[in-house]
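*Asks:* Okay, here's what each chain looks like letter by letter:
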Amino acid sequence: MSLVNDTLGKLKAGQFDVLESDYKKSGYHLEVKLNETQVQNFARMMYETEFYLDFVTAVHVAPCFQVVYQFAHFNEACRINAKAMANEAREIPTIADVFQGAEWHERETHDFYGVVFTGHPDLRTLLLSEEDADLKPLLKKEDKLVSVETITRKSEAEAEKKPVKKNIEE
Amino acid sequence: MATMTKFQTNDKHRFLLNMGPQHPATHGVLRVILEMDGEYAMGIDPVLGYGHRMQEKMAESRVWQGFYPNTGRMDYVGAMPFNHGYVALIERMAGIEVPERAEYIRVITSEMNRISSHLLGIGAYVLDLGAFTPILYAFDDREDILDALEDITGSRLTYCYYRVGGVLKDIDDTFIKRTRAFIANFRKRIPMFNDLVTGNIIFIKRTEGVGIITADMARRYGATGPTLRGSGIPYDIRKSEPYSVYSHFDFDIPTGKNGDSLDRYNVRIMEMEQSLRIIEQALDKLPEGPVLAKPKKTKLQEGDCSFSVETARGVLTYYLVGDGSEVPYKLKIRVPSFSNLSLMEEMCTGMLIADLVSAMGSLDLVIPEIDR
Chain A
1038 MSLVNDTLGK
1048 LKAGQFDVLE
1058 SDYKKSGYHL
1068 EVKLNETQVQ
1078 NFARMMYETE
1088 FYLDFVTAVH
1098 VAPCFQVVYQ
1108 FAHFNEACRI
1118 NAKAMANEAR
1128 EIPTIADVFQ
1138 GAEWHERETH
1148 DFYGVVFTGH
1158 PDLRTLLLSE
1168 EDADLKPLLK
1178 KEDKLVSVET
1188 ITRKSEAEAE
1198 KKPVKKNIEE
Chain B
2 MATMTKFQTN
12 DKHRFLLNMG
22 PQHPATHGVL
32 RVILEMDGEY
42 AMGIDPVLGY
52 GHRMQEKMAE
62 SRVWQGFYPN
72 TGRMDYVGAM
82 PFNHGYVALI
92 ERMAGIEVPE
102 RAEYIRVITS
112 EMNRISSHLL
122 GIGAYVLDLG
132 AFTPILYAFD
142 DREDILDALE
152 DITGSRLTYC
162 YYRVGGVLKD
172 IDDTFIKRTR
182 AFIANFRKRI
192 PMFNDLVTGN
202 IIFIKRTEGV
212 GIITADMARR
222 YGATGPTLRG
232 SGIPYDIRKS
242 EPYSVYSHFD
252 FDIPTGKNGD
262 SLDRYNVRIM
272 EMEQSLRIIE
282 QALDKLPEGP
292 VLAKPKKTKL
302 QEGDCSFSVE
312 TARGVLTYYL
322 VGDGSEVPYK
332 LKIRVPSFSN
342 LSLMEEMCTG
352 MLIADLVSAM
362 GSLDLVIPEI
372 DR
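Residue numbers (the numbering used here), protein chains in the order written: chain A, 1038 to 1207; chain B, 2 to 373.
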């Protein structure tokens, strides 16, 4: 568990909003909340501490997109899940300059959601054909779209109270 | 590097070469556009999506049970671990306990599937390099596995055998007998395979030093599986984040030294031996008991959850976001071949086209898995 604690300390020292997570329930050890300006620094720090990039994806929520990054380590079990909200123009900085593997993951996310990764070298369609570039198949319809709170894990105290499903229209 | 001729003053004499989507060496519908300078590939642009089915959208538009069959249809060569990741993810989310016998059966069938996948991968790879005979031997052994698995799962390729809370059907004595016979038989066949292929001078010349992946490169691209282990990094989800009952068994993680195509091939051969060891131990220790916990009506809790398993090609991660209903709000499927292929541009630029085919084959790609 030393790597988890080490990384936790380093992330805290780097002014990141980091929490320990119950691996048995969530499947990752550390949860990081980033803002738009921290994404690049976070990626650089992950690279320096020799983490590898598992995936990049997005979740369509109200009001905007939550971009999810997952990293893990070759030496020890330490899985880090980082979430950042894209801005209103659906933009977020790319991490493809640090982790070249992110290039395809970000292209895919751009295909499916229309999230624009600023600074990305090549945002052509990857899995969709060029004619379908504007399709954005994973965008939720308005009646299905929920707020970030609805898809956030409830802490144990909250979970005991009966959870009320909130729709954004309410 | 590229040959210089009197015609060649700048990049004017480069030409585009289209490889695929129906090229035999791309193993499926992968297209690679190459910018060639004579025999050398100076620019590489893989074009994906010919087999794209939008699996993630399908997952979002049905209750979670409805996604079972899809999990077997991404990596059709090694479908069991894809089943495994999905059911284990739901189990983790809902906190469902699985009977121990079911976990043992999962490990046995997953490892058999890993062997059959590696056999196909190796056979097809050697075929790419021009040797026709080995794939026939590989398929002969693979047939034994498919027959045994067909008996208990009902399918030969796109398995849908695991259920949340266990497996669909218990294994019987015939299956155990058959599996033991296969282990005994296959142990004898591996040395034969090594005599036929591994020590072959032509094979070594085609693979040694070709397509080197360094540890740093693997980290930047997220390469996993035998592709990574060929570079000497013993990273395997079965050991590092042990799931199911893998921690009960004694097995090694084979690694290579140089990270070239030959190492990746050798890692696959050695992994088959380790899989045999795991299956043998699991059969010896196989506990009695039920194989399927009583099904409960399960809603997916609010929040996200991730589960990683080691497939034949590397790390598969399912990342699910639930909103409290039975339908997943989002399901991300991180497939190993996607990341493994993404490093091809860096690995193969400046290579002879014959070496490029060798290096690409050594990644053991399954295209429907990349395209999803």
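Some hints here could point you the wrong way.
[Claimed, not checked] Okay, derived cross-link-like pairs now, DSBU-like style, lysine-lysine, Cα gap no bigger than 30 Å in a straight line:
hint, chain 1, residue 1, chain 2, residue 2
1, A, Lys1062, A, Lys1177
2, A, Lys1070, A, Lys1049
3, A, Lys1181, B, Lys300
4, A, Lys1070, A, Lys1047
5, A, Lys1181, B, Lys298
6, A, Lys1047, B, Lys286
7, A, Lys1062, B, Lys206
8, A, Lys1191, B, Lys206
9, B, Lys170, A, Lys1062
10, B, Lys58, B, Lys286
11, B, Lys206, B, Lys58
12, B, Lys178, A, Lys1061
13, B, Lys170, B, Lys258
14, B, Lys206, A, Lys1061
15, A, Lys1061, A, Lys1120
16, B, Lys170, A, Lys1070
17, A, Lys1191, B, Lys189
18, B, Lys178, A, Lys1173
19, B, Lys300, B, Lys178
20, A, Lys1062, A, Lys1120
21, A, Lys1062, B, Lys178
22, A, Lys1061, A, Lys1173
23, B, Lys286, A, Lys1120
24, B, Lys206, B, Lys189
25, B, Lys286, A, Lys1191
26, B, Lys189, A, Lys1062
27, B, Lys240, A, Lys1070
28, B, Lys286, B, Lys240
29, A, Lys1061, B, Lys240
30, A, Lys1120, B, Lys300
31, A, Lys1181, B, Lys58
32, A, Lys1181, B, Lys170
33, B, Lys189, A, Lys1061
34, A, Lys1062, B, Lys295
35, A, Lys1120, B, Lys189
36, B, Lys300, A, Lys1173
Keep in mind the hints are simulated off the structure, nothing from the lab. Only a predicted model underlies this, so the values are computations on that prediction, with no experimental measurement involved.
*Asks:* Decide, hint by hint, whether the structure agrees.
*Replies:* Tested hints:
Taking the CA atoms of Lys1062 (chain A) and Lys1177 (chain A), the gap is about 26 Å. The hint holds against a cut of 30 Å. A threshold of 30 Å between alpha carbons decides the hint, and for Lys1070 (chain A) with Lys1049 (chain A) the separation of about 12 Å falls inside it, so the pair holds. The hinted pair formed by Lys1181 (chain A) and Lys300 (chain B) meets the criterion: a straight-line CA distance of about 17 Å does not exceed 30 Å. The hinted pair formed by Lys1070 (chain A) and Lys1047 (chain A) meets the criterion: a straight-line CA distance of about 15 Å does not exceed 30 Å.
With a C-alpha separation of about 22 Å, the suggested pairing of Lys1181 (chain A) with Lys298 (chain B) holds against the 30 Å cut-off. Restraint check: the Cα-Cα separation between Lys1047 (chain A) and Lys286 (chain B) comes to about 43 Å, which exceeds 30 Å; the hinted pair is violated. For a cut-off of 30 Å, the pair hint linking Lys1062 (chain A) to Lys206 (chain B) is broken: about 49 Å separates their Cα positions. Note on Lys1191 (chain A) and Lys206 (chain B): the hinted pairing is violated, with a Cα-Cα distance of about 58 Å set against a maximum of 30 Å.
As the CA atoms of Lys170 (chain B) and Lys1062 (chain A) are separated by approximately 27 Å, the hinted pair is consistent with the 30 Å bound. Simply put, Lys58 (chain B) and Lys286 (chain B) have alpha-carbon atoms about 41 Å apart, too far for the 30 Å limit, and the pair is violated. A hinted pair counts as satisfied when its Cα atoms are at most 30 Å apart, and Lys206 (chain B) with Lys58 (chain B) does not qualify at roughly 45 Å. Under the criterion of a C-alpha separation no larger than 30 Å, the hint pairing Lys178 (chain B) with Lys1061 (chain A) is inconsistent with the structure, at around 36 Å.
Restraint check for Lys170 (chain B) and Lys258 (chain B): the C-alpha separation of about 42 Å exceeds 30 Å, so the hint is violated. The suggested pairing of Lys206 (chain B) with Lys1061 (chain A) is violated, with an alpha-carbon distance near 47 Å, which exceeds 30 Å. A threshold of 30 Å between alpha carbons decides the hint, and for Lys1061 (chain A) with Lys1120 (chain A) the separation of about 20 Å falls inside it, so the pair holds. For the hint pairing Lys170 (chain B) with Lys1070 (chain A), the CA-to-CA distance comes to about 43 Å; that exceeds 30 Å, so the pair is violated.
For the hint pairing Lys1191 (chain A) with Lys189 (chain B), the CA-to-CA distance comes to about 55 Å; that exceeds 30 Å, so the pair is violated. Annotation: proposed proximity of Lys178 (chain B) to Lys1173 (chain A) is violated, straight-line Cα distance about 51 Å (limit 30 Å). A C-alpha spacing of about 40 Å is found between Lys300 (chain B) and Lys178 (chain B), which places the hinted pair above 30 Å, so the restraint is violated. Our distance criterion of 30 Å between C-alpha atoms is met by Lys1062 (chain A) and Lys1120 (chain A), whose separation comes to about 18 Å.
Restraint check for Lys1062 (chain A) and Lys178 (chain B): the C-alpha separation of about 38 Å exceeds 30 Å, so the hint is violated. Note on Lys1061 (chain A) and Lys1173 (chain A): the hinted pairing is violated, with a Cα-Cα distance of about 34 Å set against a maximum of 30 Å. Restraint check for Lys286 (chain B) and Lys1120 (chain A): the C-alpha separation of about 42 Å exceeds 30 Å, so the hint is violated. Taking the CA atoms of Lys206 (chain B) and Lys189 (chain B), the gap is near 26 Å; set against the 30 Å cutoff, the hint holds.
Restraint check for Lys286 (chain B) and Lys1191 (chain A): not satisfied, since their Cα atoms lie roughly 40 Å apart, outside the 30 Å limit. Distance hint between Lys189 (chain B) and Lys1062 (chain A) is unfulfilled; the C-alpha atoms sit about 43 Å from each other, more than 30 Å. Taken as a hint, the Lys240 (chain B) and Lys1070 (chain A) pair is honoured in the structure, with Cα atoms around 29 Å apart against an allowance of 30 Å. Taking the CA atoms of Lys286 (chain B) and Lys240 (chain B), the gap is near 19 Å; set against the 30 Å cutoff, the hint holds.
This hinted pair checks out: Lys1061 (chain A) and Lys240 (chain B) have alpha carbons roughly 16 Å apart, not beyond 30 Å. Taking the CA atoms of Lys1120 (chain A) and Lys300 (chain B), the gap is near 24 Å; set against the 30 Å cutoff, the hint holds. The straight-line distance between the Cα atoms of Lys1181 (chain A) and Lys58 (chain B) is roughly 13 Å, inside the 30 Å bound, and the hint therefore holds. Straight-line distance between C-alpha atoms of Lys1181 (chain A) and Lys170 (chain B) comes to about 37 Å, which puts the hinted pair past the 30 Å bound.
For the hint pairing Lys189 (chain B) with Lys1061 (chain A), the CA-to-CA distance comes to about 41 Å; that exceeds 30 Å, so the pair is violated. The suggested pairing of Lys1062 (chain A) with Lys295 (chain B) holds, with an alpha-carbon distance near 21 Å, which does not exceed 30 Å. Proposed proximity of Lys1120 (chain A) and Lys189 (chain B) is contradicted: the alpha carbons are some 51 Å apart, above 30 Å. Distance hint between Lys300 (chain B) and Lys1173 (chain A) is fulfilled; the C-alpha atoms sit about 27 Å from each other, no more than 30 Å.
Hints 6, 7, 8, 10, 11, 12, 13, 14, 16, 17, 18, 19, 21, 22, 23, 25, 26, 32, 33, 35 from the list above are not met by this structure, while the remaining hints are.
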